[in-house]
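Novice: Chains as they are written, first to last, in the working numbering: chain A, 1 to 283; chain B, 284 to 454.
Read the hints as simulated data drawn from the structure, not as lab findings.
Incorrect hints may appear among the rest.
Here are the computed lysine-lysine pairs in the DSS-like style, where the Cα-Cα straight-line distance is at most 30 Å [what the hints assert, rightly or not]:
1. B:Lys308 <-> A:Lys194
2. B:Lys353 <-> A:Lys194
3. B:Lys444 <-> B:Lys410
4. B:Lys353 <-> B:Lys444
5. A:Lys194 <-> B:Lys410
6. A:Lys194 <-> B:Lys407
7. B:Lys444 <-> A:Lys194
Incomplete in silico selection of chain B near chain A, CB under 10 Å [as the list claims (entries may be wrong)]:
8. Gly312
9. Asp313
10. Glu379
11. Lys407
12. Lys410
13. Phe412
14. Ser417
15. Tyr418
16. Phe431
Ideal Cβ positions, reconstructed from N, Cα and C, are used throughout, including at glycine.
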Amino acid sequence: MASGESMNIPRDQWWRDLRRPTPAGARAAPSLMAGLLLSWLVATPPAFADSARQIELRVAAGVEVPVTVRAAAGGILVLWLPSEAGQAEGEARVAAGLAARGIEAWRADLLSARLLPALRSAMHEIPAGDVAALIEQAAGRSGKRVVLVSAGLGAGPLLRGALVWRARHARSDALLGAVLLHPNLYLGTPEPGKDAQYLPEAARSDLGVVILQPDRSPLHWYVDRLAAELERGGGRVTVERLAGVRDRFHFRPDASAAETALAAELPARIAAAIERLETGRKP
Amino acid sequence: MIHRALCLTVVLMLAVADAGARELKPYTGDPRPAPLSLRELNGDTRQLADFRGRVVLVNFWATWCPPCIKEMPSMQRLHERFAERGFAVLAVNMGETEAEVRAFLTRVPVSFPILLDADGVALKAWKVFAFPTSYVVDADGRIRLAVFGEVDWDAPEVIAKIEALLPADPR
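Required output: the full structure, derived from the provided sequences and hints.
Specialist: Structure, rendered in structure tokens:
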């Protein structure tokens with residue numbers, strides 16, 4: 001059961017208790033009860049962690065990465081890395097949705113930390129060491145298993161960072177895997193008629209990966225080829241095709257009704273993908 | 284303040300450079316086109332080989348692709364401009380249903396053939412990795428020009444490149 005649902009039950013329960021006819025002996029103390037209730041409401045933070053807080057994590061000398069944290073009680077932490085579109089508002093909604101399902105979500109603004117623009121070219125400028133340091137701190141501070149998430153060209157720095165982290169922590173299982181939204185791991189968009197070449201880290205990665213690939217995308221036609229490339233390094237890769245939506249569906253300003261609907265479902269889809277990473281099940 | 288303004292200027296300049304206009308360029312791959320044999324919207328099967336002797340613009344597109352939609356009207360005008368001089372357009376739709384394509388054509392009508400590549404067979408054979416992608420095949424059946432991304436088919440330099448492949452205007 002999602003933790004957000006389970007945490008709502010006591011709140012409903014005390015409301016029902018308040019409305020229940022009060023025993024005669026207890027009628028003398030309604031103001032005390034109200035006072036206690038008011039104190040509890042003021043002093044107790046919301047059980048469902050629907051508010052974000054900002055922290056900064058040092059990943060290199062003089063480099064602090066702003067991280068938006070959506071805390072949750074579960075044992076998984078999603079570390080969301082930016083794509084070439086930067087940090088999209090749609091992703092903040094997904095992070096909130098994940099937290100509501102008990103999955104802690106940290107959105108790391110690696111671009112602003114390095115004064116990089118939200119552009120394709122910037123994806124090659126993110127140092128792998130920054131990502132590895134983030135993984136280390138996310139796992140170390142939270143004690144949770146980390147799942148990396150990114151979209152589009154963000155898959156490149158994600159895999160590079162995971163490789164560096166793996167080299168430093170060969171025996172650790174703190175990094176569970178990655179959920180990649182329409183990953184673009186081409187060395188560059190191939191010129192017409194030329195074969196696509198993948199970034200070398202695609203074949204070197206041994207991460208467990210779940211790919212969520214919209215079918216209204218040129219990437220859709222080659223996703224099995226990409227999955228095979230990602231499996232060359234030994235990781236288990238599964239592909240879930242998303243029907244009727246385009247890449248970046250979760251933050252498109254021109255989103256169709258189908259895209260808006262699936263964006264609302266994305267936290268559940270990612271949660272299911274994480275479950276697949278945990279169990280090793282194919283969809 | 285000045286530092287911030289400078290950063291913003293650099294970012295904007297990079298953004299413009301990254302967007303980069305697409306140019307119809309000489310094709311550098313194998314000039315022999317992959318087979319292209321697909322069902323047309325009206326049910327007929329069309330083959331590229333049927334167009335031997337004509338210059339053919341083979342365009343890979345989809346109705347959900349904004350740049351594809353944007354270039355479609357100028358492609359129609361190019362078709363009209365050169366239709367009587369041995370020029371044809373074959374627009375290969377990627378993986379959509381006949382109903383989706385027909386609905387689109389009521390909004391953006393075109394008179395050139397629309398072929399349906401339901402399984403992406405042509406897309407893979409022609410190594411299309413981005414939408415739209417266009418190839419220009421000359422009258423001898425060799426690929427001469429190509430581009431991925433949106434093109435303004437009304438642009439004089441684009442028209443000149445197509446016209447250079449066509450027989451001289453008899454008028």
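Novice: Any hints from earlier that this structure breaks? Give me their numbers in increasing order, please.
Specialist: The structure conflicts with no hint, since it agrees with every one listed earlier.
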